[in-house]
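Novice: Sequence:
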Amino acid sequence: MFEKIVYISDHGAHVKVTGGIQTNLINQHLVFVDNDRQVVGEVEYVHDDIIEARFIGEIINGKFQGGIISKPSLTSRIRFLEESETIMITGTNEFGNMTIGVSPFYGNKPVYMSINNLFSNHLTILGNSGSGKSYGTTKLLQTIFQTPNFYPYKATMIIFDNNGEYISAFSNLNQINPNYHFKVITTSNYNNYEKLKIPVWLLNIDDLALLLRLEKVSQLTLLERMIKLARIFSLNDEVSYKYKNHIIAKAMLSIFYSNKLPNTKRNDIFDIFNTCTTNEFNMEAVVQGAGYTRKFRECFNVDSQGNFTESILVSQYIASFIDPSLDNYEPNTFNKYDLEDLEKALNFTLISENWLNNDKTYGDSIAVKVKLHSLIISENKKFFEYDNFIGVEEYLSSLVIQNGQKFQLLNINLEDIDDSIAKVIVKIFSRIIFEYTKALQNRATIPFNLVVEEAHRYIKSGEDIDLIGYNIFDRIAKEGRKYGVLLTLISQRPVELSETVMSQCANFLIFKTTHPRDIEYISKMVPNITEEIVEKQKALQPGYCLCFGSAFKVPLILKVSLPNPVPESANCDVLKTWTIAKN
Numbered sequence: 164m165f166e167k168i169v170y171i172s173d174h175g176a177h178v179k180v181t182g183g184i185q186t187n188l189i190n191q192h193l194v195f196v197d198n199d200r201q202v203v204g205e206v207e208y209v210h211d212d213i214i215e216a217r218f219i220g221e222i223i224n225g226k227f228q229g230g231i232i233s234k235p236s237l238t239s240r241i242r243f244l245e246e247s248e249t250i251m252i253t254g255t256n257e258f259g260n261m262t263i264g265v266s267p268f269y270g271n272k273p274v275y276m277s278i279n280n281l282f283s284n285h286l287t288i289l290g291n292s293g294s295g296k297s298y299g300t301t302k303l304l305q306t307i308f309q310t311p312n313f314y315p316y317k318a319t320m321i322i323f324d325n326n327g328e329y330i331s332a333f334s335n336l337n338q339i340n341p342n343y344h345f346k347v348i349t350t351s352n353y354n355n356y357e358k359l360k361i362p363v364w365l366l367n368i369d370d371l372a373l374l375l376r377l378e379k380v381s382q383l384t385l386l387e388r389m390i391k392l393a394r395i396f397s398l399n400d401e402v403s404y405k406y407k408n409h410i411i412a413k414a415m416l417s418i419f420y421s422n423k424l425p426n427t428k429r430n431d432i433f434d435i436f437n438t439c440t441t442n443e444f445n446m447e448a449v450v451q452g453a454g455y456t457r458k459f460r461e462c463f464n465v466d467s468q469g470n471f472t473e474s475i476l477v478s479q480y481i482a483s484f485i486d487p488s489l490d491n492y493e494p495n496t497f498n499k500y501d502l503e504d505l506e507k508a509l510n511f512t513l514i515s516e517n518w519l520n521n522d523k524t525y526g527d528s529i530a531v532k533v534k535l536h537s538l539i540i541s542e543n544k545k546f547f548e549y550d551n552f553i554g555v556e557e558y559l560s561s562l563v564i565q566n567g568q569k570f571q572l573l574n575i576n577l578e579d580i581d582d583s584i585a586k587v588i589v590k591i592f593s594r595i596i597f598e599y600t601k602a603l604q605n606r607a608t609i610p611f612n613l614v615v616e617e618a619h620r621y622i623k624s625g626e627d628i629d630l631i632g633y634n635i636f637d638r639i640a641k642e643g644r645k646y647g648v649l650l651t652l653i654s655q656r657p658v659e660l661s662e663t664v665m666s667q668c669a670n671f672l673i674f675k676t677t678h679p680r681d682i683e684y685i686s687k688m689v690p691n692i693t694e695e696i697v698e699k700q701k702a703l704q705p706g707y708c709l710c711f712g713s714a715f716k717v718p719l720i721l722k723v724s725l726p727n728p729v730p731e732s733a734n735c736d737v738l739k740t741w742t743i744a745k746n
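Counting from 164, one number per residue, gives the positions in the sequence shown under this note's numbering.
Hints are supplied without guarantee of correctness; some may be wrong.
Dumping the calculated DSBU-like pairs for lysine-lysine here, alpha-carbon to alpha-carbon at most 30 Å [as the list claims (entries may be wrong)]:
hint, residue 1, residue 2
1, Lys-544, Lys-360
2, Lys-623, Lys-586
3, Lys-360, Lys-641
4, Lys-641, Lys-179
5, Lys-701, Lys-687
6, Lys-179, Lys-379
7, Lys-687, Lys-586
8, Lys-586, Lys-534
9, Lys-534, Lys-413
Here are the computed distance ranges between Cβ atoms for each label pair [stated by the list, open to error]:
hint, residue 1, residue 2, range
10, Lys-523, Thr-608, 18 to 28 Å
11, Glu-642, Tyr-558, 14 to 24 Å
12, Glu-642, Glu-493, 39 to 49 Å
13, Glu-246, Thr-742, 45 to 55 Å
14, Glu-642, Phe-552, 22 to 32 Å
15, Gln-468, Phe-433, 20 to 30 Å
16, Pro-728, Glu-493, 21 to 31 Å
17, Asn-335, Ile-213, 52 to 62 Å
18, Phe-436, Thr-608, 45 to 55 Å
Worth flagging that the hints you see were computed from the coordinates, not collected in a lab. Backbone N, C-alpha and C define an ideal beta-carbon position, used for all residues, glycine too.
Working from the sequences, and respecting the hints, build out all of it.
Specialist: What follows is the structure in structure tokens.
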């Protein structure tokens with residue numbers, strides 16, 4: 164059938180065929196036998212009596228190796244890949260491999276992929292709405308727990324489920340094995356699952372900057388000071404109380420010795436009491452003089468000469484609470500605090516640094532103050548109400564271990580909340596997990612697989628960099644693999660995804676994608692993708708995907724088996740919902 168090679172290009176060969184061309188040659192694999200070398204090629208085009216095959220690897224010592232060092236000669240003998248050799252392409256059923264579907268080009272043989280190569284690297288699943296992404300993702304995750312002789316008891320996979328569509332697909336996980344468990348925490352008020360709660364004291368400067376949607380880098384200094392004061396005040400001890408008086412006293416003396424008129428000084432000092440008070444500093448506090456007392460407010464009466472009647476008394480009283488040693492005080496620990504405590508700490512921060520009396524910082528400080536208060540009075544406040552003090556490790560453990568049960572799959576259901584807060588919640592969880600794993604003494608010993616549905620809504624190019632200097636997903640994409648934080652991204656709009664994240668993914672399942680911008684983006688950003696692979700995915704039917712990467716022998720078209728149970732991602736049945744029965 165194969166007469167000869169008529170042309171060898173940089174990437175493949177043109178082969179003349181005799182006796183007619185079979186219509187099913189496309190995507191078949193050929194072997195170019197050149198003395199003791201066996202180069203494998205994949206048929207991509209058929210023209211009259213010429214076929215074009217792209218070189219994809221070699222058979223060496225009975226095993227397929229991707230890529231070639233040198234091309235076969237023009238005199239090479241050409242043959243089909245033999246039946247016994249197809250397992251070198253489709254993979255083998257051995258420990259450490261799993262299958263989620265079959266190859267339609269090799270007699271519906273199962274396609275096996277390496278579990279380790281798939282889930283110890285970043286994975287991206289792309290495709291139009293209705294192409295089979297959700298079904299494919301569900302089948303992929305279900306198969307981990309259904310694969311014979313493989314027991315991933317210590318797996319920790321967190322699904323950020325934007326629409327709650329994966330809950331039904333994993334609710335019966337422990338029917339596969341009683342040691343497997345599935346847990347849901349939710350932002351929704353319309354179901355009985357555990358409610359999502361994040362301790363405020365686990366939020367760092369960057370988390371708060373994103374949560375408050377700040378716009379200027381200069382505001383981060385304010386947040387840093389605010390967090391420090393919140394931690395000091397949370398201790399509720401003698402030092403923390405002295406620290407409050409110290410801050411108030413310094414702010415008041417700064418005003419007291421300014422060049423302002425007495426009435427203005429008095430108003431500015433009294434304004435401090437609107438937000439910051441203690442037993443020693445309030446309008447009714449008793450100031451002890453030599454044989455007499457005055458209430459604090461009485462010390463600021465102005466005499467006929469335009470001076471405070473008790474200027475010396477009150478200045479000495481205020482100065483007595485200043486302790487310079489507290490300026491460099493750093494707490495070694497802290498206790499529970501909430502958003503209201505942060506607001507109190509912010510008020511002390513504003514008077515301590517004189518932010519509100521500085522024209523350059525006034526606007527920035529008011530913006531932070533207003534946004535924090537807006538969060539406190541909003542519905543989103545409930546996501547940051549946590550009853551008991553808990554550390555990072557305890558918090559993460561509470562998410563995946565409960566009453567002695569290990570939850571291998573955790574669904575964080577983000578239904579019924581706005582994208583702006585959902586995006587921040589996903590980033591906060593991802594940041595906490597990444598920093599926790601990075602701090603582990605034994606690197607990559609507690610891996611987390613983060614499955615992000617609708618990833619284009621959360622993982623965008625350039626986002627957050629101008630404000631906090633980095634994007635947490637860019638950082639995870641570049642560094643997470645070595646610490647055991649692995650991403651699985653699911654998206655129907657790859658063009659909106661971060662270029663950095665896409666470039667760091669080692670495996671891809673691409674369902675049918677038709678938007679020209681998405682196709683162009685995929686061809687530019689996906690590592691090692693070829694024009695031929697891009698063209699193939701355009702003709703895929705629903706439920707079929709093009710899979711390639713380190714977990715696969717070669718790029719293959721895969722017919723994904725139906726998951727059981729299926730996710731709630733099907734289209735609305737308008738025929739059923741529109742019609743009514745005739746009487």
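Novice: All hints are to be evaluated individually against the structure, with a verdict given for each.
Specialist: Here is what the structure says about each hint:
1. Lys-544 / Lys-360: holds (10 Å)
2. Lys-623 / Lys-586: With a Cα-Cα distance of about 11 Å, the restraint between Lys-623 and Lys-586 holds, given a limit of 30 Å.
3. Lys-360 / Lys-641: holds (29 Å)
4. Lys-641 / Lys-179: Cα-Cα ~46 Å, so violated.
5. Lys-701 / Lys-687: holds (16 Å)
6. Lys-179 / Lys-379: violated (66 Å)
7. Lys-687 / Lys-586: holds (26 Å)
8. Lys-586 / Lys-534: Given that 30 Å is the threshold and the Cα spacing comes to 17 Å, the pair holds.
9. Lys-534 / Lys-413: holds (27 Å)
10. Lys-523 / Thr-608: 18 to 28 Å: violated (48 Å)
11. Glu-642 / Tyr-558: 14 to 24 Å: Holds, at about 22 Å.
12. Glu-642 / Glu-493: 39 to 49 Å: violated (28 Å)
13. Glu-246 / Thr-742: 45 to 55 Å: With Cβ atoms ~51 Å apart, the hint holds.
14. Glu-642 / Phe-552: 22 to 32 Å: The hinted range 22 to 32 Å holds for Glu-642 and Phe-552, with Cβ atoms some 30 Å apart.
15. Gln-468 / Phe-433: 20 to 30 Å: holds (21 Å)
16. Pro-728 / Glu-493: 21 to 31 Å: violated (53 Å)
17. Asn-335 / Ile-213: 52 to 62 Å: holds (54 Å)
18. Phe-436 / Thr-608: 45 to 55 Å: Between Phe-436 and Thr-608, where Cβ atoms are some 53 Å apart, the hint holds.
Of the numbered hints given earlier, the model fails hints 4, 6, 10, 12, 16; all others are met.
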